[in-house]
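*Asks:* Protein chains in written order, with the working numbering: chain A, 1 to 177; chain B, 1 to 274; chain C, 1 to 361; chain D, 1 to 115; chain E, 1 to 133.
Hint data in this document are derived by calculation from the structure and do not stem from the laboratory. Only a predicted model underlies this, so the values are computations on that prediction, with no experimental measurement involved. Hints are supplied without guarantee of correctness; some may be wrong.
Listed below are the simulated DSSO-like cross-link pairs for lysine-lysine, each with C-alpha atoms no more than 27 Å apart in a straight line [to be verified]: (1) E/Lys28 with E/Lys70; (2) E/Lys73 with E/Lys97; (3) C/Lys285 with C/Lys23; (4) E/Lys48 with C/Lys287; (5) E/Lys97 with C/Lys289; (6) B/Lys172 with C/Lys287; (7) C/Lys54 with E/Lys51; (8) E/Lys15 with C/Lys178; (9) E/Lys48 with E/Lys107; (10) C/Lys285 with E/Lys73; (11) B/Lys250 with C/Lys3; (12) A/Lys132 with E/Lys48.
Negatives, chain B to chain C, calculated, CB over 12 Å [to be verified]: (13) Tyr57; (14) Tyr107; (15) Ala143; (16) Tyr212.
Ideal placement from N, C-alpha and C gives every residue a C-beta, glycine not left out.
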Amino acid sequence: MFDLKKYRKKSPWILHYNAGSCNGCDIEILASLSPKYDLERFGVINTGNPKQSDIFLVTGPVTYRSRERLVELYTQMPEPKVVIAVGSCTCTGGVFRDMYNVEDGIDRYIPVDVYIAGCAASPELIIDGIVKALEILEQKSKEMEKPHKLFREATSEGGIVNRRHSALKVGEIDEEN
Amino acid sequence: MIESIFIIIAPIIGGLLYGFERVVRARMQNRQGPPLLQPFYDMFKLIDKQAFIVNPYHTILGVMHFITLWIVVAFIIMGQNLLYVIFLHLLSSIFLILAGFSVKSVYSHIGSNRELLAALAYEPILIMMAVGFFMVNGSFDIAVIREHGASIVSLFLLFLAYLMVIPIKLKKSPFDATEAHQEIVGGVEIEFSGIFFEFLYMAKWLEYIFVYLLLMLFAGDNILLGIGLFIGVFLLVNLVDNATARIKMKHLITIVLGLGLTLGICNLIGLAYV
Amino acid sequence: MKKTINIPLGSQHISLLEPVRFKFECENEKIISVDSDVGFVHRGIERACTTKFKFDAIGYVVARVCGLCAITHSLSYTAAIEKLLGGEITKKAKYLRILLLELDRVHSHMLCLSHTCENAGFEAMFMRIMGDRELVMEIQELLTGNRVQFDYINIGGVNRDISSEVAQKIVNNLYEVKQRVLGYMDEFTNNWSLSLKFKTIGALSLDDAYRLNAIGPLARASGLNIDVRNEIGYLPFSEVGFVMQTHSEGDINARNIVRLNEILNSILMCENILSGLPEGEIFTKLKGKPNGEAVVRFEAPRGELMYYVKGNGSAMLDRVRIKTPTFASIPAFSHIFVGENYADAPAILASFDPCLSCTAK
Amino acid sequence: MKKIKVSLESVRDEIKSFYDYKQWHLLTLNGLALAENKMEVQWIFSKYEAMDEIVVYYTEIENTETIPSIVDMIPSAIISQREIVDMFGVKVDGSEKGLYLDEDSMQRPLSGCSI
Amino acid sequence: MFTSFAKAFTNLFKKPQTIDYPLTPIVKDRDYRGLIGYGEEACIYCLKCEKACPPGAILFVPVENPPENKQNKKGLKYHYNPYLCIYCSECVRACPKPDEALWQSNKKPEVAVMDDRVNEGWFELEKLKKQND
């Protein structure tokens, strides 16, 4: 049988969830579906149904109430899947950092594969992010998030558990780590 | 031999048609649109994806919907009895409706309800169409109808009624309340995922083949007229899709049953007495 | 057996841009009661304004309350601070503020119209309006440097001057937009399927509008004369040609027509501003720290926006109260839904132009 | 902006005698933390089609007191009242917690104390 | 209805509005508010930008071998997180030497992936900063 993997990147269906953003990024996602930017040329369909989606577009810094729904949607999506954090407040909390009802960035809750900067992220940047996400989607394994796999991955060297305690990259360009 | 090849590649033709339609629709909306082979990319991706099974009946009924539809298309290509075709098609719809009712999701239930109401609206027209073909050609057999001359003139009112059925079956505005993405997120398809959604997705392609093959029956043995009808109706359906909003189930039933049934009955009475 | 079904809408739903959850209790698709939960987007901006940020940075923070009416938020806040500081800004700055305010209104109304169409199942119209909306986004980007979050207004004036090329481009694009909007007007009044979807659906009577304190296009569509631009003397709206747009029907169609008329009026105002832009500085430095309390209102695209600011003479403020338009309209929303069909619910909801990130702050 | 001080007991009567629904609309209820356990409650009204006519009724209360509800006169006050309950942790007649925060949340974000 | 019918038909033969973005890049206007640029030599380490930034996307953190600059008395190093920045250019307005030490370029921010650790990395920097205060 021929390799089905390469078709993943030709048909990314997106699911959009607003976890407490200011609407700016959401309307830019709508604008990137509009004729000028037309995400559908990459095969993107805005399904709105987690069970049939490949790419999870999240906007917003994750408010206290929306976090449950966020994780629920994430778990409802079948593998392989890619999570994109759209906009500054989704990546790191942005201007809402340290407010009392906000978690700083969605990677507190779910693993994020692509971070799109910008306040608000323009359609151009969203397209950049989706193109990047397609590469990652192709590499991802179908079996990735089975629990034992997840555990093995996380505890392995360079896995998410170890990486959390090691040194950092952003802002420290000339650091050896 | 040629027939069996046609039967096997029917979903592929349907997929191509669907892909072409997506391009046309995008162009009508002044944008570039997906590549022509997009439905097949989607198909391969869906095969590759992890699937969640809500309950076994749900998935089996979904698969049965696809298989029955394929049999329907096969029957048409083989030239079987038109009444068999129509009732078998109804059966395939029933499978889908039952699948919708077999899960807990409210959206799925509403979708099934609407699907059932839509079947109620278009099924009489299909049956009257069969009766009309019988009155013109003297047989329910599709093979006979195909060899007979074009019946579009004598069945013109039924043809108009059938034009109303096409958007319902293809989930096009203004009659796409059964799918209604913005209201019920796809209705019955909501709980399908992975390869099982793939069957539903391919059933949609077969629906295209079914609808347009029935349409071509109006042309009889005149192949050129058949192709002309297909292109004309294809364009018309897409243009109407791009010029109307989705109307509600209530209006759908009043319009399709009221107008379509009247047109059909007039046509049959005309055939019987003129 | 229970006769009704509960249909949830949200918090994630394709027809919603924002998380809000409605629970419709339906009797065979007819809504008999509605329960809403609007707190999904609560971030705590009001508290952060008094504990985390100094008063001169808050203008940029409150702009992030809502991306669609960002300019109204920062304008209201800066106006309140300017009132407390007691300074007067130049006339040119005032004109430029109105210019951006009205451009924002145009793009916000266009988004609302297209979203209403999309939720009514009219994808082509959605694409058409969204495509034309790019004309407005383009000039906003030229004028302020960003498409959505403008950060154009600061305390004492505006951040950037307008060059003559940009002014020319704005005039050209707005002329184009005007032609397109006239086209929509025809579509919204004459399309048969849209009339089935919009006319007499989701109607709010004038008396209910009074009783429920409806504001913005929702109230104006019912014939209630409420437009804050008519009620404040801070910016010279009437000078640049503001005319209030009202309609009497109160249904979705009326709201759409009101929005379309407002777009046309806003375009007219922008053209007037650009043709008669006064010379002068765009920025006056205001000294001191805010002290005392001020209430400032502005007309956001969705209705009346109120800021209550209390300062105590230091860099930290005592209280910033944001009353957003959608927040005040929620009782009216819930009232309208009852008795309608579930199939219309997404379109009705979109026609309110709800902004939940405003509501929950 | 006209500020009128009222007592907590008389606020309902004052608003009832003042509020004409065809002339005035309720902008919002506003709370203002004065000290650790004291707050000011404001009812802000504005007049239709008038230049900047805003009337504020205000009263100072202890956080333990119950604010009377005005929902029977002005239905749209319900949402502002719920917000006050959430944000200041005070009681308002007939309004329960849970608009923005959880029902069982102990937070009182705007009441002046730390969270 | 018929106008949009006709419009859909004519659109069929028109060139679509879509721009071919990833293949042909969009030319940004000179005044586009993009990434913040920083000139280490010109900086006088007054930390005004750090204080002005609403989200705190600029941090001056002490490091072991700080950049050589006479003004840099505390041994600080400039850090900037484009994934926290809200692009309001308040820092540039606060800067006493705009265009030399700090300026707003019209370059758009790049996309980051998981390994870039845009959030966790910044948390550590903030912790470091707090320890030193």
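*Asks:* Look at each hint and say if it fits the structure.
*Replies:* Evaluated hints:
| no. | hint | verdict |
| --- | --- | --- |
| 1 | E/Lys28 with E/Lys70 | violated, 36 Å |
| 2 | E/Lys73 with E/Lys97 | holds, 18 Å |
| 3 | C/Lys285 with C/Lys23 | violated, 51 Å |
| 4 | E/Lys48 with C/Lys287 | holds, 18 Å |
| 5 | E/Lys97 with C/Lys289 | holds, 25 Å |
| 6 | B/Lys172 with C/Lys287 | violated, 62 Å |
| 7 | C/Lys54 with E/Lys51 | holds, 10 Å |
| 8 | E/Lys15 with C/Lys178 | holds, 22 Å |
| 9 | E/Lys48 with E/Lys107 | holds, 23 Å |
| 10 | C/Lys285 with E/Lys73 | violated, 32 Å |
| 11 | B/Lys250 with C/Lys3 | holds, 20 Å |
| 12 | A/Lys132 with E/Lys48 | violated, 36 Å |
| 13 | Tyr57 | holds, 21 Å |
| 14 | Tyr107 | violated, 8 Å |
| 15 | Ala143 | holds, 39 Å |
| 16 | Tyr212 | holds, 22 Å |
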